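Undergrad: Read off the chains here:
There are 2 protein chains.
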Amino acid sequence: MADIGPEEILARFEELSVLESEIEQAELEIIRTQYTLHAPIYKKRAAVIAKIPHFWALVFEQSPPEVDTYIQPSDSKVFAECLESLDVTRFEIDDPKGSPKSFALRFTFAPNDYFEDSVLEKKFYYRRSLDGFDGFVSEPVKIHWKKGKDLSDGLTDAAYKLWQAQQKLGNGDNRAAEKRLPEYKSLAKKMESDVGVSTSFFTIFGFVSSFRYVSAEESQKARKIEKENSEKRRRGEKVEDEGPNDDDEDYQETEVFPGGDEPAMLIAEDMWPAAIRYFSKSPSTALYTRERQANPIGGAFQRFPLMTCFHPS
Amino acid sequence: MADIGPEEILARFEELSVLESEIEQAELEIIRTQYTLHAPIYKKRAAVIAKIPHFWALVFEQSPPEVDTYIQPSDSKVFAECLESLDVTRFEIDDPKGSPKSFALRFTFAPNDYFEDSVLEKKFYYRRSLDGFDGFVSEPVKIHWKKGKDLSDGLTDAAYKLWQAQQKLGNGDNRAAEKRLPEYKSLAKKMESDVGVSTSFFTIFGFVSSFRYVSAEESQKARKIEKENSEKRRRGEKVEDEGPNDDDEDYQETEVFPGGDEPAMLIAEDMWPAAIRYFSKSPSTALYTRERQANPIGGAFQRFPLMTCFHPS
Numbered sequence: 001m002a003d004i005g006p007e008e009i010l011a012r013f014e015e016l017s018v019l020e021s022e023i024e025q026a027e028l029e030i031i032r033t034q035y036t037l038h039a040p041i042y043k044k045r046a047a048v049i050a051k052i053p054h055f056w057a058l059v060f061e062q063s064p065p066e067v068d069t070y071i072q073p074s075d076s077k078v079f080a081e082c083l084e085s086l087d088v089t090r091f092e093i094d095d096p097k098g099s100p101k102s103f104a105l106r107f108t109f110a111p112n113d114y115f116e117d118s119v120l121e122k123k124f125y126y127r128r129s130l131d132g133f134d135g136f137v138s139e140p141v142k143i144h145w146k147k148g149k150d151l152s153d154g155l156t157d158a159a160y161k162l163w164q165a166q167q168k169l170g171n172g173d174n175r176a177a178e179k180r181l182p183e184y185k186s187l188a189k190k191m192e193s194d195v196g197v198s199t200s201f202f203t204i205f206g207f208v209s210s211f212r213y214v215s216a217e218e219s220q221k222a223r224k225i226e227k228e229n230s231e232k233r234r235r236g237e238k239v240e241d242e243g244p245n246d247d248d249e250d251y252q253e254t255e256v257f258p259g260g261d262e263p264a265m266l267i268a269e270d271m272w273p274a275a276i277r278y279f280s281k282s283p284s285t286a287l288y289t290r291e292r293q294a295n296p297i298g299g300a301f302q303r304f305p306l307m308t309c310f311h312p313s
Numbered sequence: 001m002a003d004i005g006p007e008e009i010l011a012r013f014e015e016l017s018v019l020e021s022e023i024e025q026a027e028l029e030i031i032r033t034q035y036t037l038h039a040p041i042y043k044k045r046a047a048v049i050a051k052i053p054h055f056w057a058l059v060f061e062q063s064p065p066e067v068d069t070y071i072q073p074s075d076s077k078v079f080a081e082c083l084e085s086l087d088v089t090r091f092e093i094d095d096p097k098g099s100p101k102s103f104a105l106r107f108t109f110a111p112n113d114y115f116e117d118s119v120l121e122k123k124f125y126y127r128r129s130l131d132g133f134d135g136f137v138s139e140p141v142k143i144h145w146k147k148g149k150d151l152s153d154g155l156t157d158a159a160y161k162l163w164q165a166q167q168k169l170g171n172g173d174n175r176a177a178e179k180r181l182p183e184y185k186s187l188a189k190k191m192e193s194d195v196g197v198s199t200s201f202f203t204i205f206g207f208v209s210s211f212r213y214v215s216a217e218e219s220q221k222a223r224k225i226e227k228e229n230s231e232k233r234r235r236g237e238k239v240e241d242e243g244p245n246d247d248d249e250d251y252q253e254t255e256v257f258p259g260g261d262e263p264a265m266l267i268a269e270d271m272w273p274a275a276i277r278y279f280s281k282s283p284s285t286a287l288y289t290r291e292r293q294a295n296p297i298g299g300a301f302q303r304f305p306l307m308t309c310f311h312p313s
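From first to last, the protein sequence lines stand for chains A and B.
Quick note: the first sequence, position 198, residue 198 per UniProt numbering, numbers continuous.
Quick note: the second sequence, position 204, residue 204 per UniProt numbering, numbers continuous.
Everything labelled a hint here was simulated from the structure, so no lab data went into it.
Certain hints may be false.
[As the list claims (entries may be wrong)] Which bits of chain A does chain B cover? Going by a derived footprint, with three or more residues having C-beta under 8 angstroms, they are:
1) 29–40
2) 45–57
3) 76–83
4) 271–279
Predicted, not measured: the structure shown is a model, and the values here were computed from it.
All C-beta atoms, glycine included, are put in the ideal place defined by N, C-alpha and C.
Work out the full structure: start from the sequences and follow the hints.
TA: Printed below as a string of structure tokens:
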């Protein structure tokens, strides 16, 4: 095992690449199977949850630390007052041009004092860039904040405006032009002065990427190349290495929710599927369960402060 | 939605319980499908990996923080010198009395200066206790350390000896007798004086539970009761709540690797399946890949310190 020549090591590396893409395909197949198998159960669950007041607010109250760290007290208040449902969909599950890993978080809200929207949906696209990035990108979602109620302190609006301005520039390598946009400059400046300020969870709706935005077209092209390389490796042919990533650090200058795909994934892959377990862990639920002989339901629920600010829908 | 009576809330809670067990069943089914679908690929992978020196040492070098925190420099040295393979099996995948979630980590080592064993296998049983614990338990594995080479500083031996003494006590509620065992007292004392000392990763072979040990018999009984309750709920009958957990904190007095199931799960569910990705992230691999035109393989590999201490098998 120690005596191995450079040519042989190279051959082993090519074999590993082939296996890696087989494993990737098998993983995608599992995501598809799981989604199909679980969909009817989650549909039934949604119907039951809809009849339990504050279900999702109580789940978010029990968030794992990686999500909880992004939820400010004012966000919890919004969840408690008006979050009606959360749904997770894999909207590209059967789309050969997309990825089964892509997912959307769809929040439904009762009428409230904060924003006009009754649905806020954030899509995370699993894409591949031509320079080797594999991960989630997203398009900023506009939240129609009511006057003086913007919990993101202007960040979701700024991200959305920059996005629109970038779209007007059109395709191609317009990075230099992007950086000259007034929307770019003002957001970058705001981000710089905001360093260290805790931002609202709702800012996640402005998230773009932990790398840079990758279009559907670029991703399809990159996957086609990857597939061709993978075929070549399978046939034992040599494949040119992908170049190293560009220095894309400056894209994070205008990222309003750096690393936003991480908590989003945790919500989609842990909190949402395991929501009943999170709900059961809630002190309110436990309080209710333990004391239900002694107290009417209203008693237990109302004693918990979260419960006092709910607007019936 | 806000106007909901106590009886209705109760009914909704029962419905959630039924759904929770349906989701659990669907999850187990996915684990089975995944295992079957992936097994042949991982078998091929093992054959390729066996020809790449230090593959697993390089993977462990890239451990995520939750695992890395348990790996001391002396552990890395053992991995670099003699870890030959790592395999993960779900040994109860088709056992109706067991659980598809149970898994084993099987490490294979070249002859080395530290211990006599060529295989160290640690089994994590997914079990349920009669008082409501659901999680992993394990039996201490004896490591035959060579003289003066015990990286766990006596902890794996002490855990194994206590385990053997407990087995001799036989079944039944012998907790009081257990606590009177000299093996219990000496391990508890050692644990107390060891507080704050970093222990070797190899101590994980002495891990028992984050709760207390749960036997296969207790687990089968607990699952039978849970199944009956679940049937009752499905029929709309009321079910007695399980009692609250006993105060089992004192079991942690003799747990040599508290929370050991967490890094074990990460190894089984993340590092092992994604090993090729971890391997590719290694600086040694990158060094090799980038400089392969300029340097012979030996050059790049040997320049990396990890590579200097490998004993050919």
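Undergrad: Just to make sure I understand the rule, a stretch counts as covered if three or more of its residues have a C-beta closer than 8 angstroms to a C-beta of the chain. Does the segment 271–279 of chain A meet that for chain B?
TA: holds (count 4)
Undergrad: Closer than 8 angstroms Cβ to Cβ for three or more residues is the test here. Does the segment 29–40 of chain A pass it with chain B?
TA: holds (count 6)
Undergrad: Given as covered by chain B, does the segment 45–57 of chain A meet the bar of three residues or more with CB within less than 8 angstroms?
TA: holds (count 7)
Undergrad: Against chain B, does the segment 76–83 of chain A show at least 3 residues with beta-carbon separation below 8 angstroms?
TA: Per the Cβ count (0), the hint is violated.
In the structure shown, a violation is registered for the earlier hint numbered 3 alone.
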